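Number of protein chains: 2
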Amino acid sequence: MRRFFPTKTLNNCHSSSQETHQEYEDIIVVDQPMQISLNNLAPSDQAIVSFKTRGEIEVYSSTNQLITSLNPVPVREIPEITLLARTFSDRILDRCLQITFQDDACCQLSQVLIKLTCVRICLDVDADRDGVIEEDHPHKGDWQWGINGHGAVLLVNNDRGLNYSDEQQKQEDQSIQRLLALKDLSFMSVRRVGLKKLPAECQLCLSVDQDIAKRIRIYDQLEQRGDQLIGSGKATAQLKDTDRDIILAIEGLSYPDFDFDGMVEITLSLVKQGEILYSDRVIFRVAPWIMTPNTLAPITVFVSRLSNGKNEQFIDELRKVVGKANAQIDPVPFEFHQDDPWMRDEIEIGYTQAPGHFIHVILDSPRDRGLDHFAQRQLIGTDFGYVVRKSRYCATKLDSFGNLEVSPPVTVNGINYPFGRLIFGGTRPEIIHQPRRMLKVVRDFLYAQKIQAPLEIFSDWLSVGHIDEFMTFVPASTSKGFKLLLASTDKSYELLKQLRDQGQAQILLRQGKQLNDQPADISVADVLNNQELTSQNQRFQEYINWNREVLKQELGLDEEDIIDIPALFQDDGDGRAETFFPNMVNLIVLNQHLAIPKPFGPKIKDQCQFEAYVKRVLEPLGKECHFIDDWEPYFRGGGEIHCGTNTRRQPFTQKWWEIEPNFL
Amino acid sequence: MRRFFPTKTLNNCHSSSQETHQEYEDIIVVDQPMQISLNNLAPSDQAIVSFKTRGEIEVYSSTNQLITSLNPVPVREIPEITLLARTFSDRILDRCLQITFQDDACCQLSQVLIKLTCVRICLDVDADRDGVIEEDHPHKGDWQWGINGHGAVLLVNNDRGLNYSDEQQKQEDQSIQRLLALKDLSFMSVRRVGLKKLPAECQLCLSVDQDIAKRIRIYDQLEQRGDQLIGSGKATAQLKDTDRDIILAIEGLSYPDFDFDGMVEITLSLVKQGEILYSDRVIFRVAPWIMTPNTLAPITVFVSRLSNGKNEQFIDELRKVVGKANAQIDPVPFEFHQDDPWMRDEIEIGYTQAPGHFIHVILDSPRDRGLDHFAQRQLIGTDFGYVVRKSRYCATKLDSFGNLEVSPPVTVNGINYPFGRLIFGGTRPEIIHQPRRMLKVVRDFLYAQKIQAPLEIFSDWLSVGHIDEFMTFVPASTSKGFKLLLASTDKSYELLKQLRDQGQAQILLRQGKQLNDQPADISVADVLNNQELTSQNQRFQEYINWNREVLKQELGLDEEDIIDIPALFQDDGDGRAETFFPNMVNLIVLNQHLAIPKPFGPKIKDQCQFEAYVKRVLEPLGKECHFIDDWEPYFRGGGEIHCGTNTRRQPFTQKWWEIEPNFL
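Heads up: the sequence lines are chains A and B, in that order. Numbering follows the UniProt record's numbering, with no gaps: position 9 of the first sequence is 9. Numbering follows the UniProt record's numbering, with no gaps: position 518 of the second sequence is 518.
Where hints are given, some of them may not hold.
Unchecked claim - Covered by chain A, according to a simulated footprint, are these stretches of chain B (three or more residues, beta-carbon under 8 Å):
id : region
1  : 83 to 89
2  : 315 to 321
3  : 419 to 431
4  : 534 to 546
Said to hold, decoys possible - DSSO-like mimics (lysine-lysine), calculated; alpha carbons at most 27 Å apart, straight line:
id : chain 1 : residue 1 : chain 2 : residue 2
5  : A       : K655      : B       : K183
6  : B       : K603      : B       : K513
7  : B       : K655      : A       : K655
8  : A       : K310      : B       : K52
Simulated from the structure, these hints should not be mistaken for lab results. These numbers were taken from a predicted model, which means no experiment stands behind them. All C-beta atoms, glycine included, are put in the ideal place defined by N, C-alpha and C.
Build the full structure now, drawing on both the sequences and the hints.
Dropping the structure here:
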């Protein structure tokens, strides 16, 4: 509600009698009531008042009664009136309220003429999330989760962070490339104000908070050169005069983070001489970055093609599995990885979406090794977005994204996580000397996305420190929809002891393989008799068990949801674990096909007993196990298939804004 | 299924023995089987064959059995094999099939080496209509109506038909205006082929039919200057080599019409030396132009602001009704109408939509009078689309869009028309001398939109020839959702006779008004006693009755769905009807508010008896009747409020592609 203050009289003429005539000019906003205190205008509180209007304007009494009668009323009975106009003026001062004051004898005492121009202030967005801007959605200034929720969505623009050269930028400006790079912008509409030129001293201003001005850019269709209206710290802009709707394009620059909840409020104000007469406002939520669990179908598997054909055979084998899964394999050339084989660690491929928009988005880890160029390769196209978190602190191995996973959708104690939960590895300082933890900038980013409520577990006991060295998720047609696979040293010892008990103590693990230019083969007996190795593995098993309990609790799992996968670790000399034979749990899931590191376990009749065990537990779930030799290109470098690949997956079919997260 | 023809041998060397070695190179397409006839390759039908593969390729027997065994088989048992590859090559000739023929004695007779490069040919669209392009939607080459249907949608670009000046065009190119003008394009994706450079002599070609090449434009993101890839008659284009997905933007130029069913098929082909090796194809349907019935909420009412204040009072009165209906009124300045008051007749405001896209679209009639400039005014903005139909034949009054209406949604004999039915007026040559009919170009356009199954009725009996002179639809909370209002001369006579019977024969119609500089008032008695007028009105009533029956039948209406509105006509001297007093049925509907021409009927106690009757029949339906004096600016020119206004309305909430039209 705005008040009319008769501060400035345009005309104030006394006629020959005592009668005065006052004229005012003001602005009224469509559908916004304006209060007028008659006490301030009346020549005396004994006066009798009558009204006359011109143009589309209604007068209401203090009790909200429409005043239609022209019969004079005592001012004391109607100390205040409210004006309401519903249609914008197409001409200046096309409305008028004439207030006449009389005395008891019907002699006119004074007359006040209030001339009004009615302006519409309306900023619109796609609040109902169908991709189309509505007309003045009742909840456009509010944001609610859920299928029946409302509130507009903003994408972080997909190629920010990529530094074009000036030449590229110039070319881009001249081409339709620019259009396509901008095709995932959101739009707003400033509805036609009414007048082409606002009354003198009036402006239409768009504004955001100073902090938000660094996190978005707004473009005005009327700006000839595509200059931004708001952004780069510029928080307020005056809109040009026009007699039609103005379309504004808006792009997000920042994902939600510890200092940004993702909510972007934009205000359209009618300003007169610095005073805000009326404001309309809309709210966007910046779409979060979402990770895709192993239960979603793969589209593309990325792998570094190492020089000298080092992993050529591996790629060939993996390609066959990828083909069976109806996905594509995309071997990345040397220039983008510089022989860095750890495709998993440099990036995580998630996605972001808004109504009618979808893009895969690469989260670039603070680990900047050879594959740091890979994101650049993908980003040149329009089908990948990009986000990176850098820190002034040094990254550790725990900042690699082999240390970041996402569970399939889970329900935990009645709380539904329809997009699963992010899981990353950290430390337990009471156990670990010189503990490491994922950098705060990365953790903050993960928590700020909200939709996949993160969970920190314990991976610092591993030399490489990645959770994918002891856990993964495999889809299963159980009520939960998946099984958690955990590396198990106990399970290895159990299998090895069975072999010894069957008189097979002399068969070899790691047969025919080399480590440090030495034959790597070792007998079942030698493994079992190695007390130091046994006690190390007991210790590592305890760490896995600790994680097992945390995962059971935080993902709502039972023992039957977990499958133990044989693994052995050994101390790296620094108290941390490194794998003893290729670590099968570090597999990749491609629909029902699993590409599993070939463990080179003890063989009976040419059948590896570790492989046999894994098939025995996974094939009943409908899985096809493909064991691939990754010894040379990956295992010897401290990782396996999962570490050496990255998978772009289909998104969730459910839209993130349609859920009602009760965990927020 | 493609066949391998060993037409060209790369290597054909005879060794010292009879043994031959042949090498071929070919292309195979991802997921597309390739047949190889062994009979053609075998040195004899007695030979025994064995296979060896390199790279991701599978060999199937004629009976679709995967050939995994390396054991040799007699050729006569396996005369044909099929190859299948599922992953694209990232290197030329990375697959190989080696076929070895032996004799019974296991002596090698010959060997054939087929080296293959596997290429992906995949063109994608938004076939599931969520605004996002999917990966290889199974029904992308097909189009089905319905909420569970599929098939992509293409909008006709919104500002085609508007002729920018060169200077404007230039400015536009440099500005974000271009982006916004193009924001309603649809997109396609050519999926990554695999190789950056295709094998020699191979090309990737996009093509459409020659006719379609005039109806769409396709832009390639890789074209630096935004040149069109396909369009302006260019039906085929070679795509540039790239190692990533290519986004193509497509815009429609033509709405469906008599010679265009709106279906746009686009083919992506792998071509080698002019031969098409494989094609993928997608289908779009061009979105139809849709009209909005009176049951949809108004947004903006357009009216010409005539010079010399001729309709100033009228606009003021109408503005109040528009305000009550929460809509806006937009008086159009002189430069856009040149004092042409007939806003209804020059244009019809409909809309078009695609998933995530919506634009109001002006259909410009072949009537090109002063208001022809109006469309231009609206089109400068991005929120109006435009379509016009011109003919080499002269337009008649029947081509004005006062002669085009749309019913609310109806069900007729079990057939559901969820978007209503278009209705336009035509002639009955057996009755009418020098008959007129709406131009074929306009009728063809209307029928071709399909979604609102048009219906032609009889309006040529009217001098102006518009159906809005005798019919309109008013929303009502009945099971049908509306009432049909029909002008009724019988009803007028009935009311006038009642007045005479009540002794009121001398009260006046058209009191205080002028026609041809003469007082227009005429008594009830004089009207009733005018035999000629009576017989004319009987004739005109028969024409209305004829239409009444057609409308009842074609819209599935009962008598209770129809309300008679008093009207009188008189012969224009040429046998056609012109109104005798302001024609109330020519009203505009603004939610529950009706802006009705003030009929200047006979008054009793200051109450017009025609108005009283209309209120009596419409107020029980929840309608508020606002009678507005349109005598001078409109009635005297041969029209009324409906003729003098145009209303932009909210679209249907249902999407047109979600219906399953059983009337098509």
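Hints versus structure:
no., hint, result
1, 83 to 89, "holds (count 4)"
2, 315 to 321, "holds (count 3)"
3, 419 to 431, "violated (count 0)"
4, 534 to 546, "violated (count 0)"
5, A:K655 - B:K183, "holds (23 Å)"
6, B:K603 - B:K513, "holds (14 Å)"
7, B:K655 - A:K655, "holds (20 Å)"
8, A:K310 - B:K52, "holds (23 Å)"
Consistency note: the structure conflicts with the earlier hints numbered 3, 4.
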